[in-house]
Every structure is written in structure tokens, then in C-alpha cells.
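Enquirer: Keeping their order, the protein sequence lines are chains A and B. To convert, note that position 20 of the first sequence is 19 in numbering that gives the first Met the number 0; the numbers rise steadily by one, no gaps. To convert, note that position 64 of the second sequence is 63 in numbering that gives the first Met the number 0; the numbers rise steadily by one, no gaps.
Don't read these hints as lab results, they were simulated from the structure. Glycine included, every Cβ here is placed at the ideal spot set by N, Cα and C. Fair warning: there could be bad hints in the mix.
What the hints assert, rightly or not - Facing chain A, from chain B, some residues (calculated, C-beta under 7 Å):
(1) F12
(2) M16
(3) R17
(4) N20
(5) I52
(6) H116
(7) V138
(8) H182
(9) L192
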Amino acid sequence: MSASIEQLSCQELVELVTDYLEGALPERERDSFEHHIEGCKGCHEYVRQMRETIELTGTLAPADISPEAEAALLSAFRDWTSR
Amino acid sequence: MIAALRARDERVFAELMRMYNASLLRVALIYVATRAVAEDVVQETWIGVLNGIDRFEGRSSLKTWIFRILTNIAKTRGQRERRTVPFSALERPDAVPEAAVDADRFLPPDHERWPGHWASRPEPWPEERLLAAETRAVVERAIDELPPAQRAVISLRDIEGWSSDEARNALGISETNQRVLLHRARSKVRQALEDYLTEAM
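Could you put the whole structure together from the sequences, leaning on the hints where they help?
Expert: What follows is the structure in C-alpha cells.
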């Protein structure tokens, strides 16, 4: 509708996805972002894929401490407490 | 937790290690070149935590305080190794432009009707493959291959589930830079998923 909406190309939109998902877009830009993805199949899908990516990353197990590191640190702890 | 640590409660110390050790290691790797040195830095950090806990005043969260100790130690070690480049990755991530999606996926800027619109648009991913273990391995590999600052941010935010404030405090960077790093990291992981999920379709 407005000029700013038409000015937001798909190539520009993909660079704003994180700002959008993080709630960091100013209101006007957010409106044109949402307007764009409502009418653009490619960008609609792109935003969905970014959400799926985040969700999938969230299913990875947080990295654990290795048993060797834990043993070394606990022994450092015992040194510290016995001082 | 702070009181228990001051009282030399080993279980609490072990719990803290389990919560933060891996994240500390990832953040250390932003500043130092090798995993061995990063492990050293993390060990020194825990000793710093123990030595400093009696003086900890609670002006920041315990988590932020621990990461500050790490960052100080890691920076000193990094400087000794003369690794100055990585700091710009944290402090000026915008200095080197990086596109979320390859330019050749879009119509050229001088296209008469649709400049910058998709030339080959993303296609929906097959739901059932998204949940497969191999797909998760693709995500893991993509994260492993990221530059250290991007890897640290996406791990803290999307794997560990930290808020943006927690992540930027731990790294001592601005909200904007945190978001730039997160954006680049997520964009690359998405691309890796797209490459993997569409090649066999």
C-alpha cells in the first residue's frame, strides 16, 4: 500500500528476520514486515524456516562438562576448601 | 547458592560447573586459539570464582559475574597470544558484511518489475525429516562450523535458552551486536538445513 511497504524487498526482509523475531523492529518497519510476509509466499516460508531452525536448535542437548574436567575442578575445589 | 558456595558446599560448586562449564568454554574460544588454552582459562575462572566469592557483592547476577571473570582472564590470554582479530568479531560484527541468503537467490537490483525478490524461493521442509536424528546432527555440525563469536551467541540463546540480556551481559557486548551475531548464526544454520533437506527431495 504505502511506498515503504513496496520498498521492502525479499532480499532486505531476510536481513530483518531476527530483529523481527526479537521484537526489535520499530512499529512502522514491523508493520511493513508483516504486510510483506502476508502477501509473499517465499518470505512467509522463509520466516517459518527461521522459526523451525530456532526450535530445532532448542532440542539440542546443552553441552556437558567432561568427566576429566569435572574431576580436575572438584579436586581444585577440595584444595581450596582445605586451605 | 552464593551462601552455599561461601560455606564451601561441594554439591553447589559441582552444580554450577555442570550449568556453566560448557558455555564458559565456548565463550573462552572467542578469545583464545585452541581448546587446550580455553580449558585452562575456564579452570582459572573457577579458581577465580572460589577466591572471589567472599567478596562478591551481588551487584550483578552470579552468572554475569562468573562470565566477567572468564572474559578478563581470556582477554589477557588472548592478548598474550596476539589474537586481536576476534575482538572485532564481538565489538564490530557489522564491519564485515554477511548476507543471510546468497544474492543469487534473488532477482537483480536492476530487475524491471521485482528487484530483490526471490528468484528461487524457499520451499516447505518435509515435517517428518525435520524430526529425524540426522537433521539434528546437521544443525550441530553447522553450529560447530560457525565463527566462535556467532557460535557462542547461538549456543547461549538457542541451546541454553538464555535471554538476550543474559547473553549480552555474559559477553559484555551491546544488544545490537548480540543480535547481529545471533542473526548470522541462525541464518547459516537455516541455510545448512535447507541444503540438507532439499538436496534429497
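Enquirer: Verify the interface restraint on B/N20: the C-beta must sit less than 7 Å from at least one C-beta of chain A.
Expert: holds, 4 Å
Enquirer: Verify the interface restraint on B/I52: the C-beta must sit less than 7 Å from at least one C-beta of chain A.
Expert: violated, 10 Å
Enquirer: Taking the least C-beta to C-beta distance, is B/F12 closer than 7 Å to chain A?
Expert: Hint on B/F12: holds, closest Cβ of chain A at ~5 Å, below 7 Å.
Enquirer: Would the hint on B/M16 be counted as holding, given a Cβ-Cβ threshold of 7 Å to chain A?
Expert: OK, holds: B/M16 within 7 Å of chain A, min 6 Å.
Enquirer: Verify the interface restraint on B/L192: the C-beta must sit less than 7 Å from at least one C-beta of chain A.
Expert: Hint on B/L192: holds, closest Cβ of chain A at ~6 Å, below 7 Å.
Enquirer: Checking hints one by one. Is B/V138 an interface residue toward chain A, by the C-beta closer than 7 Å rule?
Expert: Holds, about 6 Å.
Enquirer: Do the numbers back the hint for B/R17, that is, is its least Cβ distance to chain A under 7 Å?
Expert: holds, 6 Å
Enquirer: Would you check whether B/H182 satisfies its interface hint, that is, whether its CB is within less than 7 Å of any CB in chain A?
Expert: With a closest approach of 4 Å, the B/H182 hint holds.
Enquirer: Does B/H116 pass the interface hint, meaning its C-beta sits closer than 7 Å to a C-beta of chain A?
Expert: Holds, about 5 Å.
Hint compliance for this structure: hint 5 is the single one not met.
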